[in-house]
Amino acid sequence: MTNDCELLKRAAKGDEAAFLAIYQRHQGPVFRFALHMSGQVETAEEIVQEVFLALLSGASGFVEASGSLQGYLIGTARNMVRGQLRQARRFVDAEPAAMDGDPLDGLSKEQELRELRAAILSLPPNYREVIALCDLESMDYSQAASHLGCPLGTVRSRLHRARAILAAKMQRRVRCTA
Amino acid sequence: MNNEVDLIDEMRRLASALPREASPQVEQRLLAILRARQRRKTPVWVYAAAACVLLALGLTFVHKRQTTPPSSDLVYSVPGFVALPYSQSGVPLEDAIVIRVQMRPSDLSSMGVAVPAAASTAQFKADILVGQDGVARAVRLVE
Numbered sequence: 008m009t010n011d012c013e014l015l016k017r018a019a020k021g022d023e024a025a026f027l028a029i030y031q032r033h034q035g036p037v038f039r040f041a042l043h044m045s046g047q048v049e050t051a052e053e054i055v056q057e058v059f060l061a062l063l064s065g066a067s068g069f070v071e072a073s074g075s076l077q078g079y080l081i082g083t084a085r086n087m088v089r090g091q092l093r094q095a096r097r098f099v100d101a102e103p104a105a106m107d108g109d110p111l112d113g114l115s116k117e118q119e120l121r122e123l124r125a126a127i128l129s130l131p132p133n134y135r136e137v138i139a140l141c142d143l144e145s146m147d148y149s150q151a152a153s154h155l156g157c158p159l160g161t162v163r164s165r166l167h168r169a170r171a172i173l174a175a176k177m178q179r180r181v182r183c184t185a
Numbered sequence: 012m013n014n015e016v017d018l019i020d021e022m023r024r025l026a027s028a029l030p031r032e033a034s035p036q037v038e039q040r041l042l043a044i045l046r047a048r049q050r051r052k053t054p055v056w057v058y059a060a061a062a063c064v065l066l067a068l069g070l071t072f073v074h075k076r077q078t079t080p081p082s083s084d085l086v087y088s089v090p091g092f093v094a095l096p097y098s099q100s101g102v103p104l105e106d107a108i109v110i111r112v113q114m115r116p117s118d119l120s121s122m123g124v125a126v127p128a129a130a131s132t133a134q135f136k137a138d139i140l141v142g143q144d145g146v147a148r149a150v151r152l153v154e
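Those sequence lines, one after another, are chains H and S.
The first sequence begins at 8 in my numbering and counts up one residue at a time.
The second sequence begins at 12 in my numbering and counts up one residue at a time.
Check the hints yourself; a few may be wrong.
Claimed, not checked - Below 20 Å or equal to it, Euclidean Cα-Cα: the simulated DMTMM-like pairs (lysine to aspartate or glutamate) are:
no., chain 1, residue 1, chain 2, residue 2
1, H, Lys20, S, Glu38
2, H, Lys176, H, Glu117
3, H, Lys16, H, Glu57
4, H, Lys176, S, Asp20
5, S, Lys136, S, Asp118
6, H, Lys176, H, Glu119
7, H, Lys176, S, Asp118
8, H, Lys176, S, Glu38
9, H, Lys176, S, Glu15
10, H, Lys176, H, Glu122
As the list claims (entries may be wrong) - To give an idea of the chain S side of the interface with chain H (calculated C-beta under 7 Å), a few residues:
no., residue
11, Glu15
12, Val16
13, Leu18
14, Glu21
15, Met22
16, Leu25
17, Ala26
18, Glu32
19, Ala33
20, Val37
21, Gln39
22, Leu41
23, Arg50
Please keep in mind that the hints were generated in silico from the structure rather than gathered at the bench.
Glycine is no exception: its CB is placed at the ideal position from the N, C-alpha and C atoms.
Produce the complete structure using the sequences and hints provided.
Here it is, written out as structure tokens:
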């Protein structure tokens with residue numbers, strides 16, 4: 008498998024195949040992270056496009072020594088999602104219970120999953136990030152810490168707190184529906 | 012969902028139920044942008060060639076300016092014409108027209124051309140050489 012940096016250099020010179028190789032290798036994790044954070048497929052796709060455009064334009068400033076390309080791309084997506092969340096907060100109620108274009112629409116029996124998803128989306132971004140990486144993407148703590156640019160202990164404590172909030176929310180919902 | 016293990020299992024189920032990748036349209040859009048950028052990108056040699064052409068044109072212009080005689084010399088070289096003092100424009104005489112006019116000796120002296128004291132007051136014909144900038148450069152007496 009060709010090294011990411013080599014592919015990136017070739018892509019910067021206009022090599023379409025090299026760009027496609029990078030895109031196909033990394034778009035999945037970037038897309039899923041953006042989807043878990045935003046809750047919208049369209050928003051996640053927009054973020055994927057912006058992240059790879061920034062990489063193409065060379066404005067992204069990726070340095071091999073500073074970490075993996077995937078970590079770098081997820082970091083870029085994280086900044087974009089946070090920017091979008093800040094903008095959205097000015098106009099939209101923070102409660103994400105009503106989700107247009109929900110990817111789970113086809114799964115009418117999966118009410119519990121839908122509620123869990125709504126609960127995840129209602130978490131503060133710091134907690135949502137660790138849930139997205141560690142629980143939804145099954146990433147190990149050290150990798151998540153590297154992607155989020157924070158110490159391992161912070162990831163652990165945020166994850167513990169986020170899971171506790173989620174469990175409480177889900178129990179509250181169960182009690183309400185019972 | 013009573014404990015953390017159940018919660019994590021549920022989250023794994025949720026993750027597997029959600030789309031895993033961006034739609035192919037995103038890839039197509041990115042490829043279209045990449046191709047458009049490639050078309051717009053001008054090779055370095057084009058800039059180098061343009062710089063050489065500009066440099067050559069500049070040198071030619073400077074050389075021409077140094078070797079071109081002043082416009083008054085051109086006027087003097089046309090037979091019969093006398094250059095008008097104080098009317099030599101800074102613009103080199105590249106294109107000119109000749110206008111035939113009727114003048115009096117006093118008109119000629121007002122243009123700065125010396126008129127013999129014995130000249131009559133009757134009108135005479137003259138050709139005025141006018142440069143491309145509209146400035147009269149020289150005069151020639153016809154009669």
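Going through the hints against the structure:
Taking the CA atoms of lysine 20 of chain H and glutamate 38 of chain S, the gap is about 18 Å. The hint holds against a cut of 20 Å. For the hint linking lysine 176 of chain H to glutamate 117 of chain H, the alpha-carbon distance of about 17 Å falls within 20 Å, and the restraint holds. Restraint check: the Cα-Cα separation between lysine 16 of chain H and glutamate 57 of chain H comes to about 19 Å, which is no more than 20 Å; the hinted pair holds. In summary, the hint linking lysine 176 of chain H to aspartate 20 of chain S is supported, as the alpha carbons are separated by about 16 Å, within the 20 Å threshold.
The suggested pairing of lysine 136 of chain S with aspartate 118 of chain S holds, with an alpha-carbon distance near 12 Å, which does not exceed 20 Å. The hinted pair formed by lysine 176 of chain H and glutamate 119 of chain H meets the criterion: a straight-line CA distance of about 12 Å does not exceed 20 Å. For the given pair, lysine 176 of chain H sits about 106 Å from aspartate 118 of chain S by alpha-carbon distance, which is inconsistent with the 20 Å threshold. Our distance criterion of 20 Å between C-alpha atoms is broken by lysine 176 of chain H and glutamate 38 of chain S, whose separation comes to about 38 Å.
For the hint pairing lysine 176 of chain H with glutamate 15 of chain S, the CA-to-CA distance comes to about 13 Å; that is within 20 Å, so the pair holds. The hinted pair formed by lysine 176 of chain H and glutamate 122 of chain H meets the criterion: a straight-line CA distance of about 9 Å does not exceed 20 Å. The beta carbon of glutamate 15 of chain S is positioned within 7 Å of a beta carbon in chain H (closest approach about 6 Å), and the interface hint is therefore held. Hint on valine 16 of chain S is violated. Least Cβ distance to chain H is approximately 10 Å, over the 7 Å limit.
Taken as an interface hint, leucine 18 of chain S checks out: its beta carbon lies about 5 Å from the nearest beta carbon of chain H, inside 7 Å. A cut of 7 Å between beta carbons decides the hint on glutamate 21 of chain S: the least distance to chain H is about 5 Å, and the hint holds. Nearest Cβ of chain H to the Cβ of methionine 22 of chain S: about 4 Å, under the 7 Å cut. The hint holds. For leucine 25 of chain S, the interface hint holds, the least distance from its beta-carbon to any beta-carbon of chain H being 5 Å, beneath 7 Å.
Interface hint status for alanine 26 of chain S: upheld, as the beta-carbon distance to the closest one in chain H is roughly 4 Å, under 7 Å. For glutamate 32 of chain S, the suggested interface contact is upheld, since its CB lies about 5 Å from the closest CB of chain H, less than 7 Å. Satisfaction of the interface hint for alanine 33 of chain S is found here, the shortest Cβ-Cβ separation to chain H being roughly 4 Å, below the 7 Å cut-off. Taken as an interface hint, valine 37 of chain S checks out: its beta carbon lies about 5 Å from the nearest beta carbon of chain H, inside 7 Å.
Violation of the interface hint for glutamine 39 of chain S is found here, the shortest Cβ-Cβ separation to chain H being roughly 11 Å, above the 7 Å cut-off. For leucine 41 of chain S, the suggested interface contact is upheld, since its CB lies about 6 Å from the closest CB of chain H, less than 7 Å. A hinted interface residue such as arginine 50 of chain S counts as satisfied when its beta carbon comes closer than 7 Å to some beta carbon of chain H; here the least separation is about 10 Å, so the hint is violated.
Violation of the numbered hints given earlier is confined to hints 7, 8, 12, 21, 23; the remaining hints are satisfied by the structure.
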